[in-house]
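So you can see what is in the structure, the chains are spelled out below.
Number of protein chains: 2
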Amino acid sequence: MAVTRNTVQREIVLSTVLSMCNHPSAEEVYDSVSKNDSHISKGTVYRNLALLSQTGKIRKIAMPGTLADRYDFNLKPHFHAVCRKCGKIIDVCCKERADGFSFSEPFKVEGMELVLSGLCSECDENSSDKSELK
Amino acid sequence: MAVTRNTVQREIVLSTVLSMCNHPSAEEVYDSVSKNDSHISKGTVYRNLALLSQTGKIRKIAMPGTLADRYDFNLKPHFHAVCRKCGKIIDVCCKERADGFSFSEPFKVEGMELVLSGLCSECDENSSDKSELK
DNA sequence: CTCCTTATCAGTAATGATTCTTAATTAGAA
DNA sequence: TTCTAATTAAGAATCATTACTGATAAGGAG
Numbered sequence: 001m002a003v004t005r006n007t008v009q010r011e012i013v014l015s016t017v018l019s020m021c022n023h024p025s026a027e028e029v030y031d032s033v034s035k036n037d038s039h040i041s042k043g044t045v046y047r048n049l050a051l052l053s054q055t056g057k058i059r060k061i062a063m064p065g066t067l068a069d070r071y072d073f074n075l076k077p078h079f080h081a082v083c084r085k086c087g088k089i090i091d092v093c094c095k096e097r098a099d100g101f102s103f104s105e106p107f108k109v110e111g112m113e114l115v116l117s118g119l120c121s122e123c124d125e126n127s128s129d130k131s132e133l134k
Numbered sequence: 001m002a003v004t005r006n007t008v009q010r011e012i013v014l015s016t017v018l019s020m021c022n023h024p025s026a027e028e029v030y031d032s033v034s035k036n037d038s039h040i041s042k043g044t045v046y047r048n049l050a051l052l053s054q055t056g057k058i059r060k061i062a063m064p065g066t067l068a069d070r071y072d073f074n075l076k077p078h079f080h081a082v083c084r085k086c087g088k089i090i091d092v093c094c095k096e097r098a099d100g101f102s103f104s105e106p107f108k109v110e111g112m113e114l115v116l117s118g119l120c121s122e123c124d125e126n127s128s129d130k131s132e133l134k
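Line by line, the protein sequences are chains A and B. Each step along the first sequence adds one to the number in the working numbering, with nothing skipped, and position 49 is 49. Each step along the second sequence adds one to the number in the working numbering, with nothing skipped, and position 13 is 13.
Do not take every clue at face value.
All copies of an identical chain are treated as equivalent in the list; a pair is satisfied when it fits inside any one copy or across any two copies.
What the hints assert, rightly or not - Listed next, the in silico EDC-like pairs over lysine to aspartate or glutamate satisfying Cα-Cα at most 20 Å (straight line):
1. K85 x E125
2. K108 x E11
3. K57 x E27
4. K60 x E28
5. K108 x E122
6. K88 x E125
7. K88 x E113
8. K35 x E110
Because the hints were derived from the structure by calculation, they are not lab data.
Work the whole structure out from these sequences, hints included.
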């Protein structure tokens, strides 16, 4: 419903994410924006990252636990692996077999967290569907 | 290294999780404990849930985004699906095929988040391994 | 059984990521 | 150009979780 406007802030946030190839967090996007271009408030960065991922311009990577969420310019379907020590994120392609992961670089898998999201049967039936939950 | 003691609080937290079959969050465990048994402080509940999952008594389900983490008494390997509306968690068995998920009850999949954790090649090599990252 | 070390506790302040609030600004249709 | 709703900056608020502090108690040594 909402009419989406083209703002310079939104354009800067988008181009910043597209220029960063390291799955940046909102904080890192904010830092990069602050360093390079004009000043954009942190709330605006968060809001635009959410908006851009909703409209499919970028992709949001919801990290487990209290780790900060990341954003990805790569829209092709793939999964991610986080290094427990340095926090680096590595792309993972999922082949036909469940056990056949292929990594963009070597990675020692210690654990995995898969969470599917959607609707349970009850909520699907009485679907006044407001996306109550985050 | 740390010698683990047997405390009543730890025993209560464990038995509470074991008695709850609905993947409770730390807050829900705290509520249940407060309602039934004696008083245990919230910090103690959090600490014991972490400790119990580290020692393999229960399993921690790190939820993506800002959703509260959950705990599971079921140690058998399986994944989880969260309802976007009511937040209910449903068990998912992963068969041989990547596309072959089987659910404990009907669920409409709208999205999935898979995050592998472990060590990238650099961190694996210079492994003074302190688990710096959460 | 008593003593002693130190893991653990209760209570609460602090943290960190994210969202919300409010008043001012501005994109873009009329 | 004018008007209005979308957007912004700045900072307060929220929420899950962790850290801190002084008090308590588990369990091995004697």
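Hint check:
When the C-alpha separation of K85 and E125 is checked against a cutoff of 20 Å, the pair qualifies only between copies, where the shortest distance is 12 Å, while the shortest distance within a copy is 43 Å. Taking the shortest Cα distances, K108 and E11 never come within 20 Å of each other, neither inside one copy (37 Å) nor across copies (34 Å). With identical chains, the CA atoms of K57 and E27 are at most 20 Å apart within one copy only, with a shortest distance of 19 Å there and 36 Å across copies. Proximity of K60 to E28 under the C-alpha cut-off of 20 Å is restricted to the intra-copy arrangement: shortest distance 14 Å within a copy versus 28 Å between copies.
Proximity of K108 to E122 under the C-alpha cut-off of 20 Å is restricted to the inter-copy arrangement: shortest distance 11 Å between copies versus 39 Å within a copy. Proximity of K88 to E125 under the C-alpha cut-off of 20 Å is restricted to the inter-copy arrangement: shortest distance 15 Å between copies versus 41 Å within a copy. Taking identical chains as interchangeable, the C-alpha atoms of K88 and E113 lie at most 20 Å apart whether they share a chain (16 Å) or sit on different chains (17 Å). For the homomeric pair K35 and E110, neither the shortest alpha-carbon distance inside one copy (36 Å) nor that between copies (37 Å) is at most 20 Å.
The structure is inconsistent with the numbered hints 2 and 8, although it conforms to all the rest.
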